[in-house]
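S.K.: Protein chains in written order, with the numbering used here: chain V, 1 to 504; chain Z, 1 to 475.
Keep in mind that a hint or two might mislead.
Capping the alpha-carbon separation at 25 angstroms, the derived lysine-lysine pairs in DSS-like fashion look like this [what the hints assert, rightly or not]:
| # | chain 1 | residue 1 | chain 2 | residue 2 |
| --- | --- | --- | --- | --- |
| 1 | Z | K450 | Z | K438 |
| 2 | Z | K66 | V | K97 |
| 3 | Z | K450 | V | K394 |
| 4 | V | K97 | V | K256 |
| 5 | Z | K163 | V | K392 |
Think of the hints as simulated: they come from the structure by calculation, not from any bench. As the structure is a computational prediction, the values presented were derived from the model and not from experiment.
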Amino acid sequence: MIYFQELARVVTGYKLRQIEVITRPLRADVSENRFKVVYHALKEGRVNSFEEVAQLLELEIESRAFRRFLVEFRKRFFAPLLFLDTASSPNFNDTQKANFRCQRQLAFFKTLLYRNCPENARLLAENSFELALQNDVTFVALEFATYLKQYYVERQLNVEKHLHYKALVEQLRFNWEAENLALGYHQAILAPYVIKKAIQPELLYVSEEYLQALEPYRHCNTLMFISAYYAIKYTGEMHRFEWSAANVTCEEALQKLNGKSCISPRLLRVFQAYHVICLSMLDQFEEALVLNWGIVKTEVEGSRNWFIYLDNLFLMALKGNQYQDAGKAACMMYQHDNFKVMSESIQESWNLQMAYLILAKKLEPNAQIADSEVFSGFRLNKFMNNVPNYAKDKKGLNVPILIAQLLFLLSEKNYDLAQEKLAALRKYRVKHFSTEGGSYRTLLFVRALCVMAGTRVSKSIFLKKSTPILTILKSIPKSNPDQHFQIEIIPYEVLWHWVLNLLD
Amino acid sequence: MEQFRELILLLESYSANDQIAIRGNDNLQSMSFNAPEELEIAPTHRSDDGLNSFSVETERLETYWKILPFLDITQDETQDYSRVAYLCWQRLAVLKTLASIGAIKALPEIALQLLQTAMEYDFFAVVIETAAHLRQFSALHDGQKKKFDFYNDLMREYQAKLKAEQSAEDEYQWFVIQQLQVGSDTQTLVNLAQEACARLQKSIALQPSAAFFLDYYFLKLYPPFLTGQWEEVVEISAQAGALLGRKKHFSSAKLSAFYLTKALGLANLTRLPDALEALSEAIAIEPEHSSNWYRLMENKLIWLIHTRQFAAALELANSLNAEQYTWDLASKRMFNTVLLFIGQNNLLNIPGRIKGRLALHQYAYNSQLILNAKELSLDIRATLSILALQEWLKTKNLAKLISWYENYLIQSQTSEVHAQRLISLIDCLRNINSGMDKSSEVGICIDRLKRISLDYTSPESMIEIIPMHFVLELL
Numbered sequence: 001m002i003y004f005q006e007l008a009r010v011v012t013g014y015k016l017r018q019i020e021v022i023t024r025p026l027r028a029d030v031s032e033n034r035f036k037v038v039y040h041a042l043k044e045g046r047v048n049s050f051e052e053v054a055q056l057l058e059l060e061i062e063s064r065a066f067r068r069f070l071v072e073f074r075k076r077f078f079a080p081l082l083f084l085d086t087a088s089s090p091n092f093n094d095t096q097k098a099n100f101r102c103q104r105q106l107a108f109f110k111t112l113l114y115r116n117c118p119e120n121a122r123l124l125a126e127n128s129f130e131l132a133l134q135n136d137v138t139f140v141a142l143e144f145a146t147y148l149k150q151y152y153v154e155r156q157l158n159v160e161k162h163l164h165y166k167a168l169v170e171q172l173r174f175n176w177e178a179e180n181l182a183l184g185y186h187q188a189i190l191a192p193y194v195i196k197k198a199i200q201p202e203l204l205y206v207s208e209e210y211l212q213a214l215e216p217y218r219h220c221n222t223l224m225f226i227s228a229y230y231a232i233k234y235t236g237e238m239h240r241f242e243w244s245a246a247n248v249t250c251e252e253a254l255q256k257l258n259g260k261s262c263i264s265p266r267l268l269r270v271f272q273a274y275h276v277i278c279l280s281m282l283d284q285f286e287e288a289l290v291l292n293w294g295i296v297k298t299e300v301e302g303s304r305n306w307f308i309y310l311d312n313l314f315l316m317a318l319k320g321n322q323y324q325d326a327g328k329a330a331c332m333m334y335q336h337d338n339f340k341v342m343s344e345s346i347q348e349s350w351n352l353q354m355a356y357l358i359l360a361k362k363l364e365p366n367a368q369i370a371d372s373e374v375f376s377g378f379r380l381n382k383f384m385n386n387v388p389n390y391a392k393d394k395k396g397l398n399v400p401i402l403i404a405q406l407l408f409l410l411s412e413k414n415y416d417l418a419q420e421k422l423a424a425l426r427k428y429r430v431k432h433f434s435t436e437g438g439s440y441r442t443l444l445f446v447r448a449l450c451v452m453a454g455t456r457v458s459k460s461i462f463l464k465k466s467t468p469i470l471t472i473l474k475s476i477p478k479s480n481p482d483q484h485f486q487i488e489i490i491p492y493e494v495l496w497h498w499v500l501n502l503l504d
Numbered sequence: 001m002e003q004f005r006e007l008i009l010l011l012e013s014y015s016a017n018d019q020i021a022i023r024g025n026d027n028l029q030s031m032s033f034n035a036p037e038e039l040e041i042a043p044t045h046r047s048d049d050g051l052n053s054f055s056v057e058t059e060r061l062e063t064y065w066k067i068l069p070f071l072d073i074t075q076d077e078t079q080d081y082s083r084v085a086y087l088c089w090q091r092l093a094v095l096k097t098l099a100s101i102g103a104i105k106a107l108p109e110i111a112l113q114l115l116q117t118a119m120e121y122d123f124f125a126v127v128i129e130t131a132a133h134l135r136q137f138s139a140l141h142d143g144q145k146k147k148f149d150f151y152n153d154l155m156r157e158y159q160a161k162l163k164a165e166q167s168a169e170d171e172y173q174w175f176v177i178q179q180l181q182v183g184s185d186t187q188t189l190v191n192l193a194q195e196a197c198a199r200l201q202k203s204i205a206l207q208p209s210a211a212f213f214l215d216y217y218f219l220k221l222y223p224p225f226l227t228g229q230w231e232e233v234v235e236i237s238a239q240a241g242a243l244l245g246r247k248k249h250f251s252s253a254k255l256s257a258f259y260l261t262k263a264l265g266l267a268n269l270t271r272l273p274d275a276l277e278a279l280s281e282a283i284a285i286e287p288e289h290s291s292n293w294y295r296l297m298e299n300k301l302i303w304l305i306h307t308r309q310f311a312a313a314l315e316l317a318n319s320l321n322a323e324q325y326t327w328d329l330a331s332k333r334m335f336n337t338v339l340l341f342i343g344q345n346n347l348l349n350i351p352g353r354i355k356g357r358l359a360l361h362q363y364a365y366n367s368q369l370i371l372n373a374k375e376l377s378l379d380i381r382a383t384l385s386i387l388a389l390q391e392w393l394k395t396k397n398l399a400k401l402i403s404w405y406e407n408y409l410i411q412s413q414t415s416e417v418h419a420q421r422l423i424s425l426i427d428c429l430r431n432i433n434s435g436m437d438k439s440s441e442v443g444i445c446i447d448r449l450k451r452i453s454l455d456y457t458s459p460e461s462m463i464e465i466i467p468m469h470f471v472l473e474l475l
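Let the sequences and hints guide you as you build the complete structure.
M.R.: What follows is the structure, given as structure tokens:
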């Protein structure tokens, strides 16, 4: 009875009559409020800009009234957004669905609490706690348990229950701290690589430090912690260019995640994607591509991760000379509406790989890449503008950009410009690369290209002078290059053949 | 505009509208909620412990819980601390949903606004969770290490503050449990509270939240409270009130606790007029009609009666009687009975109309049978018996009343001071019962009672809503 009494004080008839739900359909012969009208106008595409919204409302766009309207309009979105039907969507797995539900329940719980309905809050917390706990929604479980711990000492004394929740709170606080710490460390070592792929040796030591710092938390067995911990470990192996060890780390992580009672296919996909990279670097391209297509198919189409996995597939297909797959991935990405809203780093990565795919289409006789408008829009000048961040990544992705540029110039038989580019490339190599500085395969290939600098561009000269360099290059296994795996987009041995063919 | 479009797309793709149409009720606006009527007929299937045993009602309740986010949409968002608090938590849920779905256009702006508000209002957990999203966004979407570091540092700072808050909460709850343990002696409790305060002292430098100070000052108050150092209680309460009052955003309702302790301290120093002033400050900041508000109002009623401000007490009781919200029936009946008694004894002129209202809810105290009325609590029966003293003293046989009081002293957990006062009364009754002069015995008893100050440590358990010597003086 107390539950309804509490609510009766809050949910009054007057308040119910004031409720506005902008997402509800417009009713005929009813003068609807302007928030609802604008919502539906936007939904139906009748207005497409702030100017048009202002016009619809008969307000000046610069006016205070219009600015106030926008603030209020934004507020009207929050309550309906708590009711997105994620439960029946095929886009989400059970763990994600539980997560969505827990977040919502937490919002209702806090609303009840701050609206002075402590008994309702207690009931909700007790009913939802297990769901949060079973699905590793640590923060939500912690908030529920914290309240219940307090409730059973400050509102209704029950020492046994208080102590029960106290123990849970302690465990959950520990887990939450461990998760935040591990996620922070993971992001700290990923962030530098988002727009820069040059070797950052300090990150190797940092990742080792982070793993050590996480050692006291190792018995935290939540999805978040396991995934962040193993992702750091994987990144460390990647920095050591130990792809076999990285592969073992992926397998360990997958085993741990699969052993959980709440399975997170989303997190499994992350490690499967890492596994794909390992397989590719170990020259097991076929297996890698099959696995990568599987990951893409199970991810929510158009989501950030979907693009990342496609980008991964695109790169691995190019590395493995599987141009048909690369072409297919490129079309899927480029033709998706959400592509334009993806971060610059994803778009730049695609633009760069796209340049190599187009080179493959031009220069590789057996590429069998289907024609698409995606490829016809490519322009070399535009390409340079589309990779502004990576162009600054001097010891990283700027190298494949310069190589691609040179190959395009050679393919257009623009030897004058190609010579300028070669001279610049030689200076660039001297300035940014040394034998001890890592990226040895890249250094050798740039050196091989530069043999044409300052001389007549001829196949025989190139062949004669570059072959010894290529021999050394071939002796360095692809699986163990001391450079970021994204730098050598197509194996240099293949590119060397393309140059050779271009000089025919 | 892109952000609005993204949100609209989400709302339409994930059929939010169907979810809002709770249980097929197409028109939320016209949904009726006649809770007070339903309260009488709602089936309850609560088990003894009152927990999860009534799923049918939980489902019904859930439909109302889902309405809550839609209420008061037109109200100012920053007016009230509690409103800001639950809106922040609702927005955090939205933020997390958007992040999980990958709605990245709207996410940063919502997160930044939420972070700003949560920091302003000291909602540490919300700050940490929001900063975690912004940290992730900076690292993985923008690759901006500087921004990442900023949010990472912010998280660390607020994690330390939250830890301080959690420690204070743990210490306070642990102390409360120790206090309620049977056999816990005062000195041990004093030591426990002092040790807890010493442990928390180091966290003050972290500029923790008002919640921390609330627990900290409660613990600090306990030793003087338990040992009856009332000047110290008044001083610490004033300190806490001033510190928390300076907090820009804070649930003012919590402040009332310290005004109350200050008032109790003053009352125990026999400075009842000052105590009443402090109590009025506490009442002013409590949400009207909350259980605490009623509790404080009842305190005020008692203190007005104790300071013989009967007219003011009547006015207050009359207003409480007139409230459409429920004042606890037992309390209502108790205070009405006391005031009617005061009126009957010509200490106060109660207009007929008001008298009628008070008489609607009162106890029939002037019957000796009240002592056996098992449906009433011991304390209520004790209070009523004081009002019935006049009737009892008219009779020749006081043995029954004496025996009842003796039994009451054994069974109740009344304070030592109140027990002493009751023992004085029992002695008086016993002497009268053995044939000694009634008026001189009553006179001696009044003198004795005047010398034993009332204990205001726990006013809600006070049986002397009207002091015994007031009643005896009427004889």
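S.K.: Now look at each hint and say whether the structure bears it out.
M.R.: Hints versus structure:
1. Z:K450 with Z:K438: The hint holds at about 18 angstroms.
2. Z:K66 with V:K97: Cα-Cα ~18 angstroms, so holds.
3. Z:K450 with V:K394: Not satisfied, since the Cα-Cα distance of roughly 92 angstroms exceeds 25 angstroms.
4. V:K97 with V:K256: Distance of about 21 angstroms is within 25 angstroms: holds.
5. Z:K163 with V:K392: violated (42 angstroms)
Taken one by one, the earlier hints fail for this structure at numbers 3 and 5, listed in ascending order.
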